[in-house]
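Model the full structure from these sequences, guided by the hints.
Number of protein chains: 2
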Amino acid sequence: MPSQIDFWFSIGSTYSYLSVMRIDKVAQLAGLTFRWRPFDVRAIMVEMNNIPFHTKPAKLRYMWRDVERRAAFYGLPWSGVPPYPIKHLSLVNRIALSAADAGWCAHYVKAAYRSWFVNGQDPSVEPSLSDNLRAIGQNPDEVIARATSDQAKDALETATSAASALGIFGSPTFVTNGEIFWGDDRLEDAIQLHQAGTAAS
Amino acid sequence: MPSQIDFWFSIGSTYSYLSVMRIDKVAQLAGLTFRWRPFDVRAIMVEMNNIPFHTKPAKLRYMWRDVERRAAFYGLPWSGVPPYPIKHLSLVNRIALSAADAGWCAHYVKAAYRSWFVNGQDPSVEPSLSDNLRAIGQNPDEVIARATSDQAKDALETATSAASALGIFGSPTFVTNGEIFWGDDRLEDAIQLHQAGTAAS
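So the protein sequences, as listed, match chains A and B. Numbered according to this note's numbering, the first sequence spans residues -6 to 194. Numbered according to this note's numbering, the second sequence spans residues -6 to 194.
These aren't lab readings, by the way, just hints derived from the structure by calculation. Honestly, I wouldn't trust all of these hints.
One copy or two, it doesn't matter: identical chains are merged, so the pair holds either way.
[Said to hold, decoys possible] List time: in silico BS3-like cross-link candidates among lysine-lysine, alpha-carbon distance up to 30 angstroms:
{"#": "1", "residue 1": "Lys103", "residue 2": "Lys52"}
{"#": "2", "residue 1": "Lys49", "residue 2": "Lys80"}
{"#": "3", "residue 1": "Lys80", "residue 2": "Lys52"}
{"#": "4", "residue 1": "Lys18", "residue 2": "Lys49"}
{"#": "5", "residue 1": "Lys80", "residue 2": "Lys103"}
{"#": "6", "residue 1": "Lys80", "residue 2": "Lys146"}
This is the structure in structure tokens:
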């Protein structure tokens, strides 16, 4: 069994901020790697008739306060509630998916979350969209053109179907040994099962 | 500031099994007490247009596996997926509420969850309903008659309105220092904030 956990996420998911920003440190401490797997959580939520947070004021208020408290707990930056929901969730996740093939996915996703949560800018609209790509040494025009192609749309749909087939319905989700763990707060549970499975194999 | 955390719950909530069964030990280790506060989570969910788990197969499957894994983690009994949802959520929570006034709430709620999760019996229907009361030394006829009175219905509505006014939308929820913590997996966060608040006062 490879010492690797699949990290399924969508840029645009609020709790995924916590995982995106702490996962490298967690990986190092646990001595394992994560495979970054972008998908379109919004498409799955629509299909499942899940009602998103932003239509439920009490839950939304609670969610932000909970993310803020957890960010403090992990020593992550917090600059107040960022713009929500982001406008073009599919576009930035298509970028992340093509970046996964090219080897700069984690780099891009961290830049996107930093602009969103730390600078308070929707990473899916300009100027943030291009700025984040330039900041990690990518050519925005080329990357965005590629991400708006039919091929990129198909690729994200395929990734999202794969997520759905695994039983994934939210972001972040960690997958190891055929089990899924939903939520940043289940990352440690996933590692525990992964290590038990790896030791047994 | 009193060294007490409010523990809001509804019998019928699945994740509340974990809190109900481990909270005494947690309280002892942390040197604090919990005030057991029954409310009607279903009424709040209907009001908020929250779609319950049992209409979402993927989420439901995941939820049970997650509860099972977490039960194992806490060393709690697990006998497979119990009957769900329970039939008369309001009735058993009206019993729990009158029990809170009489001083045997925790005792009753633990008996109800044990019959539900360990013996696989819906605690809100007979014979489990009466058996659970007898097992803790209560007279089922008297208790059930009291719990079906208008006064008991009003009392649960009042408790539920109080929960709603605090921003509560799910069970279990822990409240301390004016902050709410939703989910069994936030119990430790609640204690941490509680102790920080108590130390500062």
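Results for each hint:
1. For the identical chains of this complex, Lys103 and Lys52 are neighbours both inside a copy (26 angstroms) and across copies (28 angstroms), given an alpha-carbon limit of 30 angstroms.
2. Taking the closest pair of Cα atoms, Lys49 and Lys80 come within 30 angstroms of each other both inside a single copy (18 angstroms) and across two copies (27 angstroms).
3. Taking the shortest Cα distances, Lys80 and Lys52 sit within 30 angstroms of each other both inside one copy (21 angstroms) and across copies (26 angstroms).
4. For a Cα distance limit of 30 angstroms, the shortest separation of Lys18 from Lys49 qualifies neither inside one copy, at 33 angstroms, nor across copies, at 34 angstroms.
5. Proximity of Lys80 to Lys103 under the C-alpha cut-off of 30 angstroms is restricted to the intra-copy arrangement: shortest distance 18 angstroms within a copy versus 46 angstroms between copies.
6. For the identical chains of this complex, Lys80 and Lys146 are intra-copy neighbours only, at 16 angstroms inside a copy versus 45 angstroms across copies, given an alpha-carbon limit of 30 angstroms.
In terms of the numbered hints stated before, the structure departs from hint 4 and from no other.
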